[in-house]
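Chains as they are written, first to last, in our numbering: chain A, 1 to 217; chain B, 1 to 217.
Treat the hints loosely; a few may be bogus.
[What the hints assert, rightly or not] Pairwise CB distance ranges (calculated): (1) B:D55 - A:S52: 41 to 49 Å; (2) B:G27 - A:N74: 52 to 60 Å; (3) B:L26 - A:N74: 44 to 52 Å; (4) B:S133 - A:N101: 20 to 28 Å; (5) A:S104 - B:N59: 54 to 62 Å.
Hints were generated in silico from the structure; no laboratory data involved. Here a beta-carbon is modelled for each residue, glycine too, at the ideal position from N, C-alpha and C.
Protein chains: 2
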Amino acid sequence: MSVTSSREMVQRLSNYRSVLCKLKALGFVKVFSDNLGDALGISSSQVRKDFSLFDLTGNKKGGYQVDDLIGKLNVILGKNTIQKIIVVGCGKIGTAMMNYNGFSRESIKVAAGFDTDPTVINPRGLIPIYDLSDLQAFIKKEQVKIAIITTPESGATRVQDLLLESGIQGILNFTPVKLKGSESCVVHNVNIEQEIENLFYFVNEMKDGSPKNPNSE
Amino acid sequence: MSVTSSREMVQRLSNYRSVLCKLKALGFVKVFSDNLGDALGISSSQVRKDFSLFDLTGNKKGGYQVDDLIGKLNVILGKNTIQKIIVVGCGKIGTAMMNYNGFSRESIKVAAGFDTDPTVINPRGLIPIYDLSDLQAFIKKEQVKIAIITTPESGATRVQDLLLESGIQGILNFTPVKLKGSESCVVHNVNIEQEIENLFYFVNEMKDGSPKNPNSE
DNA sequence: TAGATTGTTAATCGATTAACAATC
DNA sequence: TAGATTGTTAATCGATTAACAATC
Chain A
1 MSVTSSREMV QRLSNYRSVL CKLKALGFVK VFSDNLGDAL GISSSQVRKD FSLFDLTGNK
61 KGGYQVDDLI GKLNVILGKN TIQKIIVVGC GKIGTAMMNY NGFSRESIKV AAGFDTDPTV
121 INPRGLIPIY DLSDLQAFIK KEQVKIAIIT TPESGATRVQ DLLLESGIQG ILNFTPVKLK
181 GSESCVVHNV NIEQEIENLF YFVNEMKDGS PKNPNSE
Chain B
1 MSVTSSREMV QRLSNYRSVL CKLKALGFVK VFSDNLGDAL GISSSQVRKD FSLFDLTGNK
61 KGGYQVDDLI GKLNVILGKN TIQKIIVVGC GKIGTAMMNY NGFSRESIKV AAGFDTDPTV
121 INPRGLIPIY DLSDLQAFIK KEQVKIAIIT TPESGATRVQ DLLLESGIQG ILNFTPVKLK
181 GSESCVVHNV NIEQEIENLF YFVNEMKDGS PKNPNSE
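Starting from the given sequences, assemble the full structure and let the hints guide the process.
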């Protein structure tokens, strides 16, 4: 166990799980590496390789048991317990995150929001919103591991400092500031402007008559 | 010109530009590949390699001219013209996108929003919101190239079909449905649940006593 | 049994890094 | 000139794919 795994690999594990759940809903009991590869647009070799790295075994000739795979992937991805997260910065994007429906389905629960603006603070809401000064105490008391940062750009690094001090281990950062990860904390930066910029690059490149890299995700 | 470029590469070009603008603001006139590498946490070899692929030349011994680099990167990344985009799905996340301040700075302009809910439609707003039935006519008339999809999950594929028919060439998809790109349209999927799931995996892995892959972004 | 599929090893591919000649 | 930095080529690294023996 405990494999050195890249981000792409974990992404694929998530995708396998997602497809398998759909197949299960359709009544599938077993599945072949070929099926999964087709569904995700990757090679069957990759599927088998990934599985073997995580000791997800099948039967020669018989393929893989859907239920069994989902169960094991749930353990690997930690989907069996509810994962608490907090949202720091309750502006438009932050509020959207707090009310995001998709989370519950994936056993993710937003435990609280934090902001500095007194007019948005509301400790009695369905999801309470506290003052930023309560952030560190909350994290420690509730043992929160993961935070989403949706503050204005100017607040990003200060908030990261606060989070690191309180022992947060994972950050999803939506501000345009590129935050750096460390030994004790993984950071994923989602830079929306840059995503758009990136798309425009490929679109313009296509126009030049060189249809390159039409890759997804 | 016209280099085969991966997504990571374009991401780096964006990052170079961003750092260079900051350096310029600090009064830098020239910069070495070493400086840029340090700033972005990559090797100086990589910086020089990237630059040489895009004919961004410097002077042996003298480094690179900041102004010159920014100018050339602006051309490569298409930052000299305002880039029109539209937002399909004006719920919480969609509205946040429409009002996102970061866009103007990057010369990105949201030309319109689209939705099916009559109560949110407002063709006279600062950024007009039209009925989804007006989508295709608008795209053709305004020659929009790029769209953000922020509909509920159930609407994602239908909207993609509409967009492709109208000739959209780039899509930034925030729904949990994984949309596939094609020859004529590049798709970037941002799956928020999956980002969180991914973070939890690494956090749990750390706990296991194997501090792997603490990489950013 | 014959056919099909896994699990794993070897080959390939692409991207990053190291090294160094050119040269300012 | 001596020292430093680019630009490019070669070496390395990691991830993906192909191939195939094992076997159900």
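Results of checking the hints against the structure:
no.	hint	verdict
1	B:D55 - A:S52: 41 to 49 Å	holds (44 Å)
2	B:G27 - A:N74: 52 to 60 Å	holds (54 Å)
3	B:L26 - A:N74: 44 to 52 Å	holds (49 Å)
4	B:S133 - A:N101: 20 to 28 Å	holds (25 Å)
5	A:S104 - B:N59: 54 to 62 Å	holds (57 Å)
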